[in-house]
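Here are the chains, one letter per residue:
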Amino acid sequence: MSLRLTGVGVRYGAVTAVSDVDLAVADGEVVALLGPSGCGKSTLLRAVAGLERPSAGVVAWDDEDLAGVPVHRRGFGLVFQDGQLFPHRDVAGNVAFGMRMHGVETEARHKRVAELLELVGLGGYQKRKVTELSGGEQQRVALARALAPRPRLLLLDEPLSALDRALREQLAVDLARLLREAGATALVVTHDHDEAFTLADRVAVMRAGRVRQVGPPTEVWRSPVDVDTAKFLGCGKVLPADVALDLLGITVPGRVGLRATALRVSPNGELEGVVEERVHRRDHVRLLVTVRGEEFEAVAPIAEPPALGDRVRLSVDPDGLAVLGDQADGGE
Amino acid sequence: MAHARSGLTWAFAALVPLLFLGVFFAWPVLAIVHLGLRDGGLLDELTAAGTWELVGFTLGQAAASTVLALVAGLPVAFLLARCQVAGTGFVRAAVMVPFVLPTVVVGLAFRALWPDGGVLPIVLANAFFNVAVVARTVGGLWAHTDRRAEDAARALGASRPRAFASVVLPALLPAIGSAASVVFLFCATSFGVVLVLGGARYRTLETEIYLRTVELFDLSGAAALSLLQFAAVLAVLLLGGLARRRRETALSLRGKADVVRRPTGGEWGVVAAAFAVVLTLLVPVVGLVLRSLSTVDGWSLAGYRALTGTGERGTLAVSGVDAAVNSLRAATDATLLALTIGVFSAVVLVGLRRGRTPWGIGEALDTALMLPLGVSAVTVGFGYLITMDALPGDLRTSPALVPLAQALVVTPLVVRIVLPVLRAVDERLRQAAATLGASPWRVWREVDLPLAGRSLAAAAGFGFVVALGEFGATSFLARPDAPTLPIVIARLMSRPGQLNSQMAYAACAMLMVVTIAAVLLIEKLRVPSSGEF
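From first to last, the protein sequence lines are chains D and V. Read left to right, the first sequence gives residues 1 to 332 (the numbering used here). Read left to right, the second sequence gives residues 1001 to 1533 (the numbering used here).
Hints are computed from structural coordinates only; laboratory data are not their basis. All values reported here derive from a predicted model rather than from experimental measurement. Any given hint might turn out to be false.
[As the list claims (entries may be wrong)] Simulated pairs of lysine-lysine, DSS-like, Cα-Cα distance not exceeding 27 Å:
no., chain 1, residue 1, chain 2, residue 2
1, D, LYS129, D, LYS111
2, D, LYS111, D, LYS127
3, D, LYS111, V, LYS1524
4, V, LYS1524, D, LYS129
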C-alpha cells in the first residue's frame, strides 16, 4: 500500500516542469511537497493523479505501473485549492458523489455522508447549498468529498491557500488531526512551510522541477541541504563556518544559515550591534542590525523595543540556526 | 491518461460535424459557384448595369438599416446592462421578439402599416428585426465592463459625456463593430422582408436570385449572383471575426462586476429613449394582430376560421392547419438534428481546446460552423436543388430536405449558445469528478450536462422558433403539396383576394404567438448573460 515515483519527469512542449523525481509515500504516511510557486510541485501532484502524463519515469502503486490506468480508476482522492465543489449539488450530493460512482448503496451512502460531515465539523449540513458556504466550509466539504470513497491515496493541492490567515492556521491543525484519525496516506502540495510541518511526517523540498531534499520536518528545518533551500526555509543569511566563528563566536561543523530569531536582543548578550531598521510583527519586533560592519536580522520583544540608531546587546539563539551540509541529504 | 491519444480522438470526432457541413453545406454552395463560373454567367452579370444597381441597392439598404439598428439598439443596451429600473425584464423579452419573428411575418407586419411597400418600410423592417442583436451584443459586453474605470475618469475630472467618449466607448467598440457586421450581414441577405415589401420594384441580390430561379429559370445568372453575394458575405464575416477576436481578449481581462445602478440626471433621458424604442418595436406587432382581426365588414375572426380551408379560389394545395402541422413537424426534426450536431460540435470544441490538439483543427471547426450563418439561405436552398439528387435515396424530393436545410441554419445558433457555457465550466470540476471515479462519459453526464442543461433548453427553444420561421431555404425546398406556414403566408399574400390576405394575417398572428411564447420560455431558462444572442 504505497506510492513510489521513479525518475518522474513532466514536459510541456519544450518546457520541463518536473524532472527526475524519486519519491515514496508509505502506507499511512503524510508527505508534503514544499516549494516556491512555479517549482513544479502541483504538476507532479497532477501526474500522480493521472491528470498529466509523465514524459519520463514511472508512477507506481504497490509496484504496479499506473501509466495505463486512467484518472477515474486510480482510486486517488484530490482536493483543489478552491474546493471545486459541484455547484448544482447540495453538500450531501457533493460528498456522496464518489460513492455513487463506485455503486455504494443509498443507505450506506447516507450513513457515510453523515459520518464524514461530523468528522469535518459540519454535522447536519447535508441539505445546504454549496454556493452559500464560506471558504473554510467549502474546503471542509471538499475534503469530506475526497475522503468519502476511501481513496488509497489522498492528494491535496494547496488545500488551505485560498483561506485567510487565521482560518488557515486553525484548519491546518484540524486537517492534521483528520488525516491522522482517518489513517490517510496523503501527498500535500504547499508553499507554506508552517503548513507543511504541521501536516506532514516527511517533507520533500522542490525547486526548479527537482526534489532537493527529503526528510522529517525537524531535520529539513535544522539541516537544509543547500543555500537555496536554507533561504527558502527562512534563513536570511548564510555564513561559512570560519566567518560565523569570527563574527558571532559560534562553532559549527559547516556553513550556517541564520533566521531572524538567531539573534535576540538581550541585556546580557555577548554581541553588540546598531539598529538600522525596525518593523513590528504580530508577536515580536523585527530589526535590521549591524554587527561588526555586517548586516543581520534580529528580533526584539514587543515591550520596550529599541529605537533606530540604538546600540543593543544581542545573544545567539541556537534554535534560529540551521546547519547546511550534505549530511542532511535525507533521500531515503 | 494518454493525452496524445485523446487529442487524436477529439480530432477524429471533429471530422463528424465537418463531414456533415461538407455534404450539406460546402458541396451545394460550391456547386453554385461552379455553375456560376461555368457558363460565363458571372462575366455577363458583372458587366450588366442592372447587376450593379442591385448590388448598390442591397448594400445601401443594409447600411441604412444597420445605422438605424445601432442608433435604436444602443440606448436599449445601456438600459439592459447598466440600469436598475422597473421593467427591464419586460424590455429584455420584448426586444427579443422581433429578432425571432419569421421574416415573412415581419414583412407582413410592416405591409399592414405601409400597404404599398417601398424603401422606407424595408429599411425600418430590417432595423426592427436587428435591434435585438445590437442590444444583446453590446449590452453583453457593457455588463461585463468594469464601471470603476468610468468612475476613475470622473474622479479625474472628466464630465459624464467625456468619460463616456474616452473610457466607455473605446471599451465597447469591438462589440459595436461585431454587432454592426452581423446586422449588416443579416440586412444584406434579408430575404422575406424584401420580398414582401419590395415586390418587383425593389430587389436585392437575395430576392433577385430567388426570382431568377423560380420565375425565370435563369440558373446560371442566379448562380453568378449567388457567387457575388457569397464574396461580399465572406468579406463582412472576416471583418466581424476580427472584431470578435478583439472582443474575446478584451472580455477575458475583466471579471463580472456589480455594474447595475439607478440612473441619474441625463441618464434618465437615455432610459426614456430605450423605452420609446421598445414601444416602437411593439407597434408593428400590435398592428399585425389588429389587422388580422379587422375586415372591410368590421372586426371578425374570418381569417382565423379560413385557416381550416385552402384559401379563396383554392390558392393553396393544402389547408392552413395542414401547413401549420408541416411547420411544427419540420421544425421539430430540424431542432433535434441541430441540437445533436451543435452539442456534439460544442463538446468536441471544448475537448480540442483541452487536449491541446495541433493543426488548428479547433479553429477550423469553429469557423466552419459559423459559415452557414453568413451564407444566404437562398443560396443553400438553391444549392440543394442542384446537388441532392446525386445522393442515394432521392433526397431532392424527400420531405427530409426541409429539416436538413433548417438544421443547417439553426446549428450555428445552438453552438453559439451552448459553447460559452461549456467553456465556462472549470476544467478542475471535471477533474474532481474523474478522481472521484467518474469515467469520461459519466463526467459529461454528471457535470457538463446539468451545468449546461438550461442553455441546452434555451438553444432548443431558440432553434425551434428560427426553424419555424425559416423562409429562404424552405421556399426552394418545400414540396408544393407540403408547404410550411411561412411559405403559405407568402403564397396567400401574392394572390389577390380579401380572404387570402385576411388568412395570411391570421397565420402570421398565430406564428407570432408561438414565437413569443418560446421567447418568454427562453428568457426564463437563460443563464444570465451567456451566449451571444
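Here's how the hints hold up against the structure:
| no. | hint | in the structure |
| --- | --- | --- |
| 1 | LYS129(D) / LYS111(D) | 19 Å, holds |
| 2 | LYS111(D) / LYS127(D) | 14 Å, holds |
| 3 | LYS111(D) / LYS1524(V) | 37 Å, violated |
| 4 | LYS1524(V) / LYS129(D) | 21 Å, holds |
When held up to the earlier numbered hints, the structure conflicts with hint 3 and nothing else.
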